[in-house]
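Number of protein chains: 6
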Amino acid sequence: MTLIRQLGNQDEFVGFYLLKSLEIKQTNSTPPKDYLDMMLCDASGELPAKLWDASPTDKETFFPMGLVKVKGLVQTYRDKLQVKILQIRPAKAEDGVKLTDFIRSAPISSEELVQTIRNVVNGIADDEIREVVRFCVGKVEEKLEHAPAAKTHHHAYFGGLAYHMVRMLELGDFLCNQRPFLNADLLKAGIILHDIAKPEEMVAQLGIVSEYSVQGRLVGHIAMASNWITEAAVRLGIGLESPKVLSLQHLVLSHHNLGEWGSPVQPQMAEAVALHFIDAIDAKLQMVEDALNTTPETEEWTPLIRGLENKAVYRTKLQG
Amino acid sequence: MTLIRQLGNQDEFVGFYLLKSLEIKQTNSTPPKDYLDMMLCDASGELPAKLWDASPTDKETFFPMGLVKVKGLVQTYRDKLQVKILQIRPAKAEDGVKLTDFIRSAPISSEELVQTIRNVVNGIADDEIREVVRFCVGKVEEKLEHAPAAKTHHHAYFGGLAYHMVRMLELGDFLCNQRPFLNADLLKAGIILHDIAKPEEMVAQLGIVSEYSVQGRLVGHIAMASNWITEAAVRLGIGLESPKVLSLQHLVLSHHNLGEWGSPVQPQMAEAVALHFIDAIDAKLQMVEDALNTTPETEEWTPLIRGLENKAVYRTKLQG
Amino acid sequence: MTLIRQLGNQDEFVGFYLLKSLEIKQTNSTPPKDYLDMMLCDASGELPAKLWDASPTDKETFFPMGLVKVKGLVQTYRDKLQVKILQIRPAKAEDGVKLTDFIRSAPISSEELVQTIRNVVNGIADDEIREVVRFCVGKVEEKLEHAPAAKTHHHAYFGGLAYHMVRMLELGDFLCNQRPFLNADLLKAGIILHDIAKPEEMVAQLGIVSEYSVQGRLVGHIAMASNWITEAAVRLGIGLESPKVLSLQHLVLSHHNLGEWGSPVQPQMAEAVALHFIDAIDAKLQMVEDALNTTPETEEWTPLIRGLENKAVYRTKLQG
Amino acid sequence: MTLIRQLGNQDEFVGFYLLKSLEIKQTNSTPPKDYLDMMLCDASGELPAKLWDASPTDKETFFPMGLVKVKGLVQTYRDKLQVKILQIRPAKAEDGVKLTDFIRSAPISSEELVQTIRNVVNGIADDEIREVVRFCVGKVEEKLEHAPAAKTHHHAYFGGLAYHMVRMLELGDFLCNQRPFLNADLLKAGIILHDIAKPEEMVAQLGIVSEYSVQGRLVGHIAMASNWITEAAVRLGIGLESPKVLSLQHLVLSHHNLGEWGSPVQPQMAEAVALHFIDAIDAKLQMVEDALNTTPETEEWTPLIRGLENKAVYRTKLQG
Amino acid sequence: MTLIRQLGNQDEFVGFYLLKSLEIKQTNSTPPKDYLDMMLCDASGELPAKLWDASPTDKETFFPMGLVKVKGLVQTYRDKLQVKILQIRPAKAEDGVKLTDFIRSAPISSEELVQTIRNVVNGIADDEIREVVRFCVGKVEEKLEHAPAAKTHHHAYFGGLAYHMVRMLELGDFLCNQRPFLNADLLKAGIILHDIAKPEEMVAQLGIVSEYSVQGRLVGHIAMASNWITEAAVRLGIGLESPKVLSLQHLVLSHHNLGEWGSPVQPQMAEAVALHFIDAIDAKLQMVEDALNTTPETEEWTPLIRGLENKAVYRTKLQG
Amino acid sequence: MTLIRQLGNQDEFVGFYLLKSLEIKQTNSTPPKDYLDMMLCDASGELPAKLWDASPTDKETFFPMGLVKVKGLVQTYRDKLQVKILQIRPAKAEDGVKLTDFIRSAPISSEELVQTIRNVVNGIADDEIREVVRFCVGKVEEKLEHAPAAKTHHHAYFGGLAYHMVRMLELGDFLCNQRPFLNADLLKAGIILHDIAKPEEMVAQLGIVSEYSVQGRLVGHIAMASNWITEAAVRLGIGLESPKVLSLQHLVLSHHNLGEWGSPVQPQMAEAVALHFIDAIDAKLQMVEDALNTTPETEEWTPLIRGLENKAVYRTKLQG
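Residue numbers (full-length UniProt numbering), protein chains in the order written: chain A, 1 to 320; chain B, 1 to 320; chain C, 1 to 320; chain D, 1 to 320; chain E, 1 to 320; chain F, 1 to 320.
Just so you know, the hints here were simulated from the structure itself, not pulled from any lab data.
Accuracy of the hints is not assured; some may be wrong.
Where chains are identical, the list cannot tell them apart; a pair therefore holds if satisfied intra-copy or between any two copies.
[Said to hold, decoys possible] Subject to a maximum C-alpha distance of 30 Å in a straight line, what follows is the list of computed DSSO-like cross-link-like pairs (lysine-lysine):
#	residue 1	residue 2
1	K80	K20
2	K143	K25
3	K143	K317
4	K143	K311
5	K317	K59
6	K98	K151
7	K92	K20
8	K84	K98
9	K311	K92
10	K139	K80
What you are looking at is a predicted structure, and each value in this text was computed from that prediction instead of being measured.
Pulled out of the complex, with its shape left as it was, chain A reads as follows (with noise of 0.2 Å):
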């Protein structure tokens, strides 16, 4: 079975795949003739694909995130590949394949990713700081083990947003030891729950948001965090003036560092901001890392990468 990542013009090629998407559309022929546009995808990349001349029951038998069997022709559009159909059928339970092989996931398995921040909020010492923390992953706990860190940015995948979290505590950790002024309690705290109302902002299904929730852009992730603290607080009855609150509150408000990119305050406590560029680091190598894995390596340069100042980053090769 062959992997979408390695797919090139004119391969003819069969395999199960996801239908990660899939719409019932009209040709400009006469009379208009109904395919379906589907995007193809597997856990090394994703592909659209048409399949012309879609029979009424072809209409009724696909539906998106269903996993079928596909024998294609891969071929050139406006300078991008796609797959022409030529046979399809739904997967069947005898094809013992299921849909997790087939979406992309963080190299760690989700339940041992939300353990770890289990782990991390058991060992908070401060109580009151540990109890405001539980309180808040308690919230989105069940989506936390598949949840995406970000539509299409990075770590827009299975698991990603526990996967990003724990590589930031990693980070964080390290930091710590290196500069010893720095509060752990606060700094694991800021790590866990500076995009904990991700899950909330974006409806995802399988590590793929299909869109924004209402409450995501009218209040988004930062201001809907900062709620949570101050509901923890008041179930909790911590003082919402307290030191702490307030830090945590400054800490999940200030982490994307400037008002344009959408925090309300800037960072002005020394977790605040470490807890910034602890971010902003483990974003953007996972982003580098991500383009690298899913380019063929027969290309010197990844696409374009939004988050990098749109430009595409090198192979590097040192021999020569």
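For this one, chain A is given, so just place chains B, C, D, E and F on it according to the hints.
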């Protein structure tokens, strides 16, 4: 008694004034001598003043925010007016002067302004919106009678915040009549809540801001108001994700319009767009009106106004 | 007859519409075939439409800005609706339809709007200001009955410019009452003159702008209005450097507020500050109102609105 | 007699100078004493100076823009040189000094510069363009003999504006020869008109700007020049919308290139693009030349030059 | 034979053209068919062209940068002209056409331009400056005969870089005469070196850039030229920190003026300021001249020009 | 002996300090008197100080960068602390104080830091990368023991540059372990080379920068380092266009990330992205740590920190 706004270079004068600030300093001379460095103010404006050769008694007699009787001489120092104090004593009971006569304040009495606001709150038709607004107003009700709307930017005087709200409510009322598709309850609520946390963001006395509070710097009045709405909803048993709560939070969070001006989300409801512009037009026109009022009538141009792209305003004259 | 705003995917419909634009194009097929690429519009909105296999007669029968009777089928192409035309013929006299029923227009009749403007001009107390305004209005009096206020930005329809002026005059009147230090004559004059050159800056028919004029591109409506005031003063024998002429030119030149928005000077008179914000609030709220009105009621969000920081607007709903 | 540019710390000197400004001020001492705070200048530069313990006679004897004979001592105050005046008296007829010897001026005589400009105007082939230019030049013909091109930015001295024009005309002539597609009449007209309103935008005496005029602040030299072209056309009976008038207005309006630099439209004709860059190159190189000329030869670096991105310029040296 | 610039919609034509690019693609039809997607060009411009139903022979016969004889029909597709090819064959020896007749090139022969540059190098008086310049020119001497100055921005044709240099040298010569304080050796050297690394930054054939080189993307022509000056100095035994080497590097490094335009330092020598503006004026006027030359004479406006703030240019017309 | 950081208003104290700067100035009095204007510093901070009525002997006895014993009184002048010197004498051999005790320095000894850097260089596996790095380090090896990393921005003290490098190397090591796709040799080389030219860009003594060098201003440390890599390659016989040389130059040239921050190219290799963020996080956290350490413990807020968006940092406190 001469108003500070009317004093000119070389004027000698006698009058009662408020010591807006006072510090003991030393001259460069050998040996150095103590002097009092003060800011005299009345309702018309303020001027720096020096009491040279301050005696030990002087240093114990005068304090900030106290009323004094002064005989002084106006001089020019580095192109600005300052007062050399010839005689000074504290005001006494029999002088019959009172503090509030010496501070700048809104042209309508605070009591009246706050009563107007209360009436508007009572007039909100929707029960949940009304109770959330009432809860938030209740957190600062006492301070609302004197709080300014800003440190220096606009409405920076006794009752300035309430005055700003009332004027905005008048304009909001006009617009709801002109454009009935606007929801009047939401617009009223947005106007009252948008700056409701300012009395806790800044530390003020008699309408004069001395500094920002820790909470004001770390969280800011925009996120504070959003948090208060959350608190209100929790305590009143209203769902945190109900459209009303989200709408009120959106109004508050978006009222500065752009991220670089402090709003983590941009206006995305009709009432939020209206709120931003009602706020802007009232603040800007008040800056102009106040600048013209505190500039001597003989001057064609006001000083530069930071909130107006740092431009001066020309006193409109049509004869000619 | 179905309004364009109510059409959905796969709807088949019959009705009268205006051909806002029409072009003859060729398909990619071998041999290529001619088709008509049109924009159908009525007062509620517009949709692209194709007449495939256009006959020589078709190509001579239909023309832009003509009324037609259409039988069509709504399809989706590249995620947008477009109409496949099944039958089409020109409207006839006996159909009893008239052009102005099919264009978007202000909710108040043009005649009434222009009369209101004339009354306001007559009500300007100062003789020189009134005559300069009358002279400038006279240069575009006829076009004022149909000119839009912009190509697409806001009030982009029949009578849109006059409607924008009248609404601004209402708001200006309110503000002059609320803040009597504003000069009402100047503010009225500024509102009427600020966009007075727009009918010459853009080439429009029935409220639809087809392009900018050479003068509009090389000089622009802001400097054009300033030039017209100069012309008025020369012809009326008013001194070019009189405070009134300078004030009127200042109002016009500064009304876009910032250099990057096209104003060579920034507002430096109270009335100029007021004018800029009155213009802004009326334009922005009209964009919101128009976007909500032309978005199907089933949609929660309008399309992105360029003039609102490219944000969509959420349809306010308070039940829940 | 020592040139101001040559004075160093601790130098004692005698010479004639111009009092560019003068104010009576008071010291901090008890009792305060009057002193004269002056700016001494000659053609090579300027220095602040103090006459301590000014007598009543002193205060009546000296005035701004007067010539004086001074014996002084150069001191350092806050890292800058200033003169302590030991003796001072007004210049007398028998001293044989004249005002114009003490001001900075263009290296070519004003009469010659203005005559060159007149010759260029006469050489414009197109009748209408020539007469519009002549009309506008006529409005400031007298002031052109002494007006500076700016307050401090560049060519800020006696005859600076005419000198700037003449140098630009030379460069324009070179470019029209190098690129014959440029229209020479338009380019000459644009060069002469682009800053023609500056003598009315700023109030200047002997090439020294004291302030901006009200018209300069409310309308600005760019829109003023456009208005003058309108006036010329009306008075000369040329159509206001003729291509020539529009082209001249476009040249003037667009010559600052960007909105944020004050141009309401951007260059959209070949000659307008040329004009902007001819203006830029002449202004920038003159800033550099003037900064090098007024910096002591012993200094490697000039002071920071605001018009050059606030950078200092290094004195080119190639030995080594 | 028809020039490409003269072709209009529905024209049928026969002529020789260069295939600037060629790709084999498939149609959407069932089964998909191969077609050739080409760009035809001659010295006057370029047009996209399609050969539908390409035979296997066709696919082996035509290749990029080959000359062909074409019979074609001009059609409109998505508002742009494109050619439907009716007949096509490769050019033969007996056709008597040669490649260089079909590409855009500078109006002066490359040999002459390069000889002029060599003469200027020989005329540099200072031995070390001359030899550094000669060394750097030597690294690209062969490519200089055909290299363009940019991919699309300006002078994007055969010999464009040398033409740009020669025109700049003429203007530099004029300015050194007008302002003798400029060092002519440095300015000549700066003009020749400022873009000297461009032939290695971009991969070009016949003046047409196909892509940026790896070195061009990772280091860029500005730092490359600085490195070449270092290399020259090491190899010629000139001290790396001598004022001459630093000056040459400064000229090259600062010639884009601002950091956001790619210069790591800003101009801080008179010659560097001159260099930047000579470069700017020559590039901008050439953009305008080329845009006017390649726009049909019947068009009043050129297409938008990215390097001119994305504005179109109006064809100057003075009759009227 | 009192540390400077501990001095408060009105404190009288005795101690040894370093004269970081010293100038002879005159008072305004008649006749003016000489006084010494000095900056006293020790390892904890610095304070301005005045010796009034300086005798001729005083003026010859004291000089910048000398150690002195001072008896002084702390006063407030313009809201800032300054010292009035009561007695002062140069330090003597028998005082047993040494210069390096009085300057701020990295918390690890310079010798140890430089040795660590040497070890890392030796540990680079690739021969060519290692030798290029060794060559460049060799150019500043002596200065590396004391050079600061900046004039005021961050690590502005004795050994600051080496300390910055070593901390970055630790963080780089952590990231290479966390993300094995990063090339460790390149990242180490990039960290060591990125600021390697700073000791030649700035003139420093004992870790205190007095000014930028001519080379530093005209070329800048970024292009200087690129030039040094070129020089190393030429001298070591490595091809100038080998991937290793290009990669090292890319790392150095892109490490400021954006053009407006001084990088002529943006990061386009994984290691370049990592380098930029490692540099940023270490610099920012050091600014915070240094600001907290040099702010009196009684202060809640540090002064504004320019490198942190000009924000102050709040001293984290969690009790409450």
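Hints, verified against the model:
With identical chains, the CA atoms of K80 and K20 are at most 30 Å apart both within one copy (18 Å) and between copies (20 Å). When the C-alpha separation of K143 and K25 is checked against a cutoff of 30 Å, the pair qualifies neither within a copy, at 33 Å, nor between copies, at 44 Å. For the identical chains of this complex, K143 and K317 are inter-copy neighbours only, at 27 Å across copies versus 40 Å inside a copy, given an alpha-carbon limit of 30 Å. When the C-alpha separation of K143 and K311 is checked against a cutoff of 30 Å, the pair qualifies only between copies, where the shortest distance is 28 Å, while the shortest distance within a copy is 32 Å.
Taking the shortest Cα distances, K317 and K59 never come within 30 Å of each other, neither inside one copy (48 Å) nor across copies (35 Å). Taking identical chains as interchangeable, the C-alpha atoms of K98 and K151 lie at most 30 Å apart only when both belong to the same chain, with a minimum of 23 Å there against 49 Å between chains. Proximity of K92 to K20 under the C-alpha cut-off of 30 Å is restricted to the intra-copy arrangement: shortest distance 18 Å within a copy versus 50 Å between copies. Only within a single protomer do K84 and K98 lie at most 30 Å apart by alpha-carbon distance; the minimum there is 24 Å, versus 41 Å between protomers.
Taking CA atoms no more than 30 Å apart as the test, K311 paired with K92 passes in neither setting, with 42 Å inside one copy and 44 Å between copies. When the C-alpha separation of K139 and K80 is checked against a cutoff of 30 Å, the pair qualifies neither within a copy, at 42 Å, nor between copies, at 38 Å.
In terms of the numbered hints stated before, the structure departs from hints 2, 5, 9 and 10, listed from lowest to highest.
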